[in-house]
Amino acid sequence: MTPSMQIILSMLLPLVACLTCVLLPKLNNLRDGITLVLAILLFGTVLRIYQGFSLGADYSLELIQFHPNISIAFKIEPLGMVFALVASSLWILTHIYGVGYMRGNNEKKHARFFACFAFAIFATIGIAFSANLLTLFLFYELLTVSTYPLVAHKETGEAKSGARTYLGILMGTSIVFLLTAIVWTHVIAGRMDFVVGGILADKTTAGFLAILLGLFAFGIGKAALMPFHRWLPAAMVAPTPVSALLHAVAVVKAGVFSMLKIGVYIFGIENLSLTGASEWLMWVAAFSILAASIIAMQQDNLKRRLAYSTVSQLSYITLGVALATSMGAIGGGLHIVTHAFGKITLFMCAGAIYVATHKTEISDMRGLGRTMPFTFIAFGIGAMNIIGLPPMAGSWSKWMLMVAAADSGQLIMMSVLMVSSLLNVAYLVPIFARGFFSPATGTGSTAINADIPWRERLSEAPLLCVMPLCITAVGCIVLFFYANSITDFLEPITQIPVPEVSNG
Amino acid sequence: MSALVNHSLILVVLIPLLAAPLCMLFGNRAVAFWISFFASLFALILSLHLLLMVIDGDVLSYHLGGWAPPLGIEYRVDAANALVLLIVSAISTVVLPYARVSIKDEIAEHHHTLFFACYMLCFTGLLGVAITGDAFNVFVFLEISSLSTYVLVALGANKDKRALSAAYDYLILGTIGATFFVIGLGLIYMSTGTLNMVDLSQRLAPLEDNKTVRTAFAFIVIGMGLKIAIYPLHRWLPGAYTYAPSAISAFLAATATKVAIYVVLRFMFSVFSAKFGFELDTVRLIFFPFAIIAMFAASLIAVYQVNLKRLLAYSSIAQIGYMLLGVALFSSAGLTATMAHLFNHAITKGAMFMAVGAIIMRIGSPLLPKMAGLGRQMPWTSAAIVLGGLSLIGVPGTAGFVSKWLLLTAAFQQGYWFIALLIVASSLLAVIYVWKCVETLYLTPSTSNVAVAEAPLSLLVPTYVLVIATIWFGLDASTITVASQTAAESLIGGGYGGEATVMGVEGRK
Amino acid sequence: MDNLFSSGFIFGHMNYWLFVVLMMTGLYIVVSRGNLLKKVVGLNLFQAAVFMLYISMGKVAGGTAPILTGNPDEVYSNPLPHVLILTAIVVGIATTSLGLALIVRINESYGTIEEDEVLALDQQQERDELAALEEEVLKSK
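Residue numbers (the numbering used here), protein chains in the order written: chain C, 1 to 504; chain D, 1 to 509; chain L, 1 to 141.
Bound conformation, chain C alone (with noise of 0.2 Å):
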């Protein structure tokens, strides 16, 4: 198959995904299986994909001419193969995982809920292959729309509401800012792709840089810098696999790689630091990474602390495009993975809590890890991912950003970085200790009966549900023992060789 045929397949599949759901609604398991398989087809269409692009084939592919000089096309490059590859090998488990909640909680309409899903991975694999920022933003905005529903889906009062503040925040901010600046971008460069060390150098002063950055960082919505976060704890009305795979992984991932994908390919980071044209948006990084960490500690539902653990975490990402290092570059594009495989995790158990037990506040938690025991231990294994412990693979993006922002002199923001993992101990530990630890709350059936064998003691998920998030926290230490593959791959993106990561 030819490169751009393999491209071409790779958007297809999700699309034919998405029909299918529409041409079945009736047939659950039909629609399930089919969806199923072709995701596993998907994943082996992405990995051919990469096998050929780190062979070094050109993978590039021109689909229609959308202005006499710009054209909705696709090309392969390292920040979008790895981020194809998340995107695409957690579809896989999050299909499952979807499958056995929306059974195990008696959701409606999942023909509906999947069509839609397999339209939002979809347009994920094309903000990952984008070749222009025109491109990027027509996917981007797919992304939007095709999840609006999903939030929505409950059909509720909060349902409805959570899901206006969802489309209110990323629609208002991608046209009112990205577009803009993604227009005057293109009037100020003359051209929009994406190449290796940007297209802005020397094409306009510090300060428009400055304000152009501005407009992009705060135009992304999706990667949730504060002031504009407000919409990731308002999408977590959606159902659970929602949250897991799109409100923890492919539409704030899509955020944040935007995020990068611009800095890198659009500013360039050698313009950035030589313009110090980003050093602005270091601060709010560092602010957004505090601030929502410190109101992470306050939620006690589980999904909105777990929600504003993203804000912060995304926030990391932003700050390693901001400190304008190659180093910071690499790190925030290794932290799009390993963050993506800690909360998928973390999700997938907050929704396994909710289909065992119908429990979503933290405090009513004490004491399940008992009768819950794999995805507790998944949980921690999720949390101490987050935080940064070995030997999960968490550990290495957070000591690369961690060095760049030492190399770049930046020691408050090293600091920052500190201080913010110290927090994440704080609101992510205890959870799970007291899963274990604590006895438990309700009396009855969560209550210990010690003459029972254990086995016959627990009250886990069904197993669809328990199977994904065990295989993504296994992924988590996997990838501790991979990283420097990835930062390998990553290093052709800032064109200068960085640091080798050694092996754990």
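No incorrect hints appear here.
So the derived list for chain L, only partly shown, Cβ under 8 Å to chain D, looks like this: (1) K39; (2) L43; (3) F46; (4) Y110; (5) V137.
Mimicking DSS-like on lysine-lysine, the simulated pairs with C-alpha atoms at most 27 Å apart in a straight line are: (6) L:K139 <-> C:K154; (7) D:K161 <-> L:K38; (8) L:K139 <-> C:K160; (9) D:K275 <-> D:K211; (10) C:K108 <-> D:K436; (11) D:K211 <-> L:K59; (12) D:K436 <-> C:K154; (13) D:K436 <-> L:K139.
It should be emphasised that the hints constitute simulated quantities derived from the structure, not laboratory data.
A quick note: this is a predicted structure, and the numbers were derived from the prediction, not measured.
Yeah, the Cβ is synthetic: ideal placement off N, Cα and C, and Gly gets one too.
Fit chains D and L to the given chain C structure using the hints.
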């Protein structure tokens, strides 16, 4: 065949004109439909052919009866009016099959042939306005289309008597507009002694300081402003669009105001020279502020509408603001944006009004709350409204995005970054009113227990032709962009008055 | 500018003054009268003023009607504006008749041809529709 091509400029107007009395003569509803449809299709093919002939910047000229201009009447086509011709004839060809079905519900049976006859007259008028190169001819065709439009709007009275008062308002304001336009023409005729547009532009060139010429310009812009529904002159539009039969709302929203905008462009740039200082003042003092007020005020009013057709009508007024803003930028890029938006908005609004018409046919009411929960019962129609709405917002991948892109680029090129911000900010209001529809259609539980069937295919197919066009031209936008660029350059660069290929009968001088 | 108020300027443009007066009278009637019929009358006056503007425009001092007399020195008035306005008159008649037809229909449907009463009836209908709607929503809950 060669005769057909040779006379295509006159045939494109003549065939629909002849179709109108034919409809009446046969007096049979089916025959009338087919006559109109073929006339419209024929005009579509010819205008496509014309557009292809002029897309490289050529100009075609046709001398009526072989009388050479400036004495004879001339039809003259450049990329700008070829694009308008294409918009009008394409929309008409799509709307007609829709109308065949939709009017069954809305108009008394014995009026159907009359409907098609009026429709053809209106169509002729719009085509004529676009194609003619004679200033007075513009007035004549304008009145042909306006008079038939008043009748068409009033035909909605079968369903809702408010159509009558709406048609009456439209008649009064439309006539005042047309009369203003005639006064303007009289004044320029008085100062130049000619009515041929090319001849006019040459004779007006040295008359920049002439007060009569300036007054004439003011009369023409205000007169046409009434027909365009520039913001404070828009009073007739919401009523007319709301109470007209669905097919007519779609046709008018997509074509009538566009043609009027074309006339203003033609007069501003081809007849009066773009170099005239007073034009720049007009643009700065009138078009800029009113375009921006329209973008915000009309959108804001749209947000509070309960009647979906009225909501769309106000959104049209806001979108007209975007078109005027492109003119107000007074640059080639700005005009490109205007020309492209003429096309993009025509297909978007056409599709939306047709979809709303299909809903009204099923549930009998244009009121939004009555449409609660229709997303399940009429999935295709509702999806059409959502897709059209996305185009109104300007979501990438839809035609509306292309216009917004071009408009923003034009604003940035002129250094008007503030205007650019206003453009994007006003589309936030579009998000609100479009999402109001989306929430009603999909997320609000239905109030009645009566099952509603999906619209018939005969309505869905024409609607989806335009919906797909909206998406297609949102992705593959280079064709329209190139055509609009050529049109803009012909307008602003004076290509219209340049060398023209003369078609038709050679002879009498 | 200095001769703006001279008698030559005022009397020399007598025809224009008259058109302006006639036109404004017509426009004023359209705007101020509530009776739909009177509005049409005003519209007619307004248009008639423009017709006369055109007709007087074509007049050449000392010229006769543009009919060939065989005399080569004959001065003719310009016939073109007259012909143009013939078209406009036809349009005007069509507009008037259509306006009158609409008024007849309005009278049949509303029982009045006073604009404010028509407007009040329209608004009443709108209020009724909304009230019915609210009732329906309440009932469904």
